[in-house]
Amino acid sequence: MRYFTKQQGQKEAVPVDLEALGGDRYKLTVNGVTYQVDALALEHGTMSMLVDGQSYSAEFEESGDEVGVLLRGQVSRFDVADERRLRLRAGTAAFSVEGKQLVTAPMPGKVVKVLVKVGDEVKEGQGLVVVEAMKMENELKSPKAGKVTELFAKEGTTVENNAKLVIVE
Amino acid sequence: MRYFTKQQGQKEAVPVDLEALGGDRYKLTVNGVTYQVDALALEHGTMSMLVDGQSYSAEFEESGDEVGVLLRGQVSRFDVADERRLRLRAGTAAFSVEGKQLVTAPMPGKVVKVLVKVGDEVKEGQGLVVVEAMKMENELKSPKAGKVTELFAKEGTTVENNAKLVIVE
Amino acid sequence: MPKIRKVLVANRGEIAIRVMRTCKELGIATVAVYSEADRSALHVRTADQAFFVGPPPSRESYLVQQRILDAAKAAGADAIHPGYGFLSENASFVRACEAAGITFIGPPAAAMDAMGEKTRARANMIKVGVPVVPGTTEPIATEAEAREYAQKIGFPIMLKAAGGGGGKGMRRVEGMGDFESAWRSAKSEALNSFGNDAVYIEKYLEKPHHVEIQVFADTHGNVIHLNERECSAQRRHQKVVEETPSPILTPELRAQMGEVAVKAAKAVNYVGAGTVEFLVDVHRNFYFLEMNTRLQVEHPVTEWVTGLDLVALQIKVAEGEKLPLLEAPTPRGHSIEVRVYAEDPSRNFMPSPGKITYLRVPGGPNVRDDSGVFPGYTVPNFYDPMISKLSVWAPTRREAIARAQRALSEYVVKGITTNIRYLKAILAHPEFVEGDYDTGFLGREHTTLQGVEDPKLSEMALLASAVYAHQRDAKRARTMPGGKAGAADASSGRISPWRLALRSRRR
Amino acid sequence: MPKIRKVLVANRGEIAIRVMRTCKELGIATVAVYSEADRSALHVRTADQAFFVGPPPSRESYLVQQRILDAAKAAGADAIHPGYGFLSENASFVRACEAAGITFIGPPAAAMDAMGEKTRARANMIKVGVPVVPGTTEPIATEAEAREYAQKIGFPIMLKAAGGGGGKGMRRVEGMGDFESAWRSAKSEALNSFGNDAVYIEKYLEKPHHVEIQVFADTHGNVIHLNERECSAQRRHQKVVEETPSPILTPELRAQMGEVAVKAAKAVNYVGAGTVEFLVDVHRNFYFLEMNTRLQVEHPVTEWVTGLDLVALQIKVAEGEKLPLLEAPTPRGHSIEVRVYAEDPSRNFMPSPGKITYLRVPGGPNVRDDSGVFPGYTVPNFYDPMISKLSVWAPTRREAIARAQRALSEYVVKGITTNIRYLKAILAHPEFVEGDYDTGFLGREHTTLQGVEDPKLSEMALLASAVYAHQRDAKRARTMPGGKAGAADASSGRISPWRLALRSRRR
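Residue numbers (my numbering), protein chains in the order written: chain A, 1 to 169; chain B, 1 to 169; chain C, 1 to 507; chain D, 1 to 507.
Read the hints as simulated data drawn from the structure, not as lab findings.
Values in this document were obtained by computation on a predicted structure and should not be read as measured data.
All C-beta atoms, glycine included, are put in the ideal place defined by N, C-alpha and C.
The calculated label-pair distances, taken between Cβ atoms and stated as ranges, are:
1. G9/B - G177/D: 31 to 37 Å
2. E321/C - T137/D: 54 to 60 Å
3. G23/A - G76/D: 25 to 31 Å
Next comes chain A alone, as it looks inside the complex (with noise of 0.2 Å):
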């Protein structure tokens, strides 16, 4: 079986071929290297690993369509899809490559200041939002030059994470 596993921050997605050996072994093919794999899921998301003797102990989280992994001490994500999935997502790209950019809420809080209006023309960096969550102020800055075209922030107002605050176009 392939899967696709595109780690956050790469460009291409790697292919890994899996092949269940029954039990918790499994053949894994990567970048033409295979590996026989025992590795056994415990609970709350823990798997212990053994590749050629080393052992790892590898800690997951889910978050959306990715996963985190947390193994000796490094945390690594990952978007893993097998090809069915890969098609069903095809269509679903909800902003076009260029233009666009939302900014969205990174945590849970309070919007305290919205520094902008629609209409405003923005520079790369400059503050948009104040969003104050434990106690802290945390200002929330264009990633790109160019104009406020959607404004969903209004100050005093309480916002769960992910929500969306302003798009940049």
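Mind docking chains B, C and D on chain A? Use the hints.
Chains B, C and D alone, transformed into the frame defined by chain A:
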């Protein structure tokens, strides 16, 4: 709503009248005393209970009909049933008051020795079966004087918790 | 003064638990207070009694003096321990406790008055000959005046909240361009944190170390110091890593600074636990910065090397007992504390409140975890993002670093993002290992401290993620036969990197 | 000897984790071995490498020397740490390591030979003038001979496995009536635990204390002792609570026993960590009992009061380094360890293997948890039921007891039954608090230590159980509308007390 709570080791069930006041608040009446209780259920069977300003952290563990409650270092076990459940139960008692006594495995383990055979007369406290678990040998003794009428235990076999071993009648 | 039998802890989180632990060991009953956001918090369950004090914002709950006092009266508490933050440095609260006949476990109001407002503290210290950093001695009324003064002493300068410490309401300003936003946010944070938006200006020293001296005084006029803590690993003036002994202090400098700290405490008739903070410059001159008139977050490192329980000592002093020692003990071995925050270092340290779905805390020799959380707990977004303090002890600094690294490698927190990896990067950084790191260290090395990827580990993680996806899909296929495994793709949360590339990258 | 770069830990559970923690801090790579029952165990994940060594029974896995050595070779380990139990006191394994060119972290085979079989050890000690308890100097061949010897020295007597310690294969015999079953079970346990069913007899002393001296020797002929541990709180010769200093030792007696222990170690050319166990009678005479030629379970209490890392010291000695100290340090403060077992004290200490569904480990000042388990882990029923060692430090014994009580009150383990409440009862018992408890203490006070019920707490628990049932039924009604909430009654597990009354009560 009325519940009947029977504590392990006690003879009588105690009726408790419970009125849900909304949120985590309850009015509970037991033995003629009424308590206002703020009982917040947390994950993993934990409850934070406030009664007249006193704070109790309760840990629950269900085991069969009973729930064990760990509260300020004390463990109590209760069988709690409402009136409907109580009726459902009436017919299911597995053994009559006198007569048959079932000896079960108190833990998972291995039967290392069977000390009796069917038809043997045994004294109260006489060893019946030796079960080994965690490198400790535990001799299970007869709860009464009587005759071995059934023998499920076999030397060398592995038994689960609560497995039937011997019936003395 | 009579023995204390019941203590109300006017705080939350790890420090509330910390204080209650000692109370429990001393046979003293404990009373918690909690806001609406803290009904499920651990300190409520740890206490013998618990009282509700208001809505989530601390200004409407933990900072409302009357509610705290009402709870203390309802519970029959004979003393209040304020922890740190909240009402811990509020002289009017000390007076209110006194009026209510409740022992405040902390310094007298007069000492707080003398040290509480930083500008007044500076003036008092100048009077008794304690060296101070150049700056205004009074809060500055208007932004215009502030700009003028800053121009006069020269940038960089520090804006500081007059009403409290802990890094809140503090801003370093490099020049006129940053002035407005720094002024606004310092005042607003000061107001939120201390109910007082007064701000003053200090000259910013180049490459200074933040070294503080723990002092302790009893009601019989005995004042001692318990050596120093090195707290230069700071981010936005928030301490991240603390240690004792300080790797830059000689025994002579320690003795000098200790003597000055004792002098400072004596000058204000101090009682109880306090900390005199100093900046130490590259020439090892030291300047009084401020005095924190309460227990510090980082007190465990002092406890490790002295064997004392500072909370127990606070209670003894509040009961009128004499200090059990009359001079600083020689530090035994080395201790390091790291603060575990619910924040994401790779997203500019954005706070990361949320539910802790899994928690594994380090164990083994000479490791201490002071935490206020538990698995299944939702970290609320109203309060400080610190969820735990991990501290270690070892005979030498080198061994203490190795032990802290080992302990951090065992720490697993799931459901929220923490700074654990960042803490490991700090401890591994050559500047930290070498021992001469100043308060600019974390800011300067920000990029390095984000870490580099080990491609071998990434490959192993990739293999793990493929098996994980396989097992997950197999399980989904079993639980919803014929269902679309891909349906979960549409759920919220972090977005696919394929899509993320189409979206903004926030800095 | 060269530096050790990679250590195979030939053990499992908490001690494997303990050893790996120190290795990690020293920058030494670690290799785990695991049986079929331990694939999911924590030590497998804690190590850098892990190798399978056979089926669950230890005789087919952890005790198979060749498999351990094969794993060490496959991993490229240059040393083996045996932990305690298993192969730790097996001289033939030490020789096999030597032959394979792998450093065994422990004493030389000759010292083990001299001390390993208890009867030979007794003979060796008598030779150098160390006082011993009256008894046979050789294993006894037949039950008839044994009965005869017992008759001669008079009951009560002890049957003891010649091949090993740790309470396994030990039986106290009160008279002829108990002899047969004790003889049979002692031999069978000895065979299972040490692969050797040889048993000998010792006179049982009345009200003795079990006090042991930690010794350490390097390869340069230096031998020191690191003071004592009081281990008289035993059940079935299995230690349950240990502490240091011993509350019954004077400095003079400590010095005398230390001197004798060093003499014993020197007599057998000992190297590494070892423990000389003594019985101390009511007149404070002390008798050599046996020497454990390995690290003890209870070594953390010694680490607390000396500040040493005994595992690190073992490794240094194995590398050929000299001991860093040449006389016993004065004990600093007091330390207590309690052993957390998966067993049910109210059901005659029946082992309680199974899945740990929830785990909360104590934290805060001066608390140490050495554990081999984690939430979601299934404690297998093949090995020792000890799941954790909790140890604390405080300046005084009284404070250490209070701290241990506080820590135990924070310990929550769900899914299996543990002895935590029993441990609290021990620490609260007047005989323990007073400090003069002998090895008969736990047996004698068995009933008292089961605890008495506080009716107020029972009433609160009753309220909690009613609310719990209400919330559970409400949830069930939501998830299976129209379903019978009562259906779950038929499931297995503990039976209703209404029905239980109809069943046997086991003693």
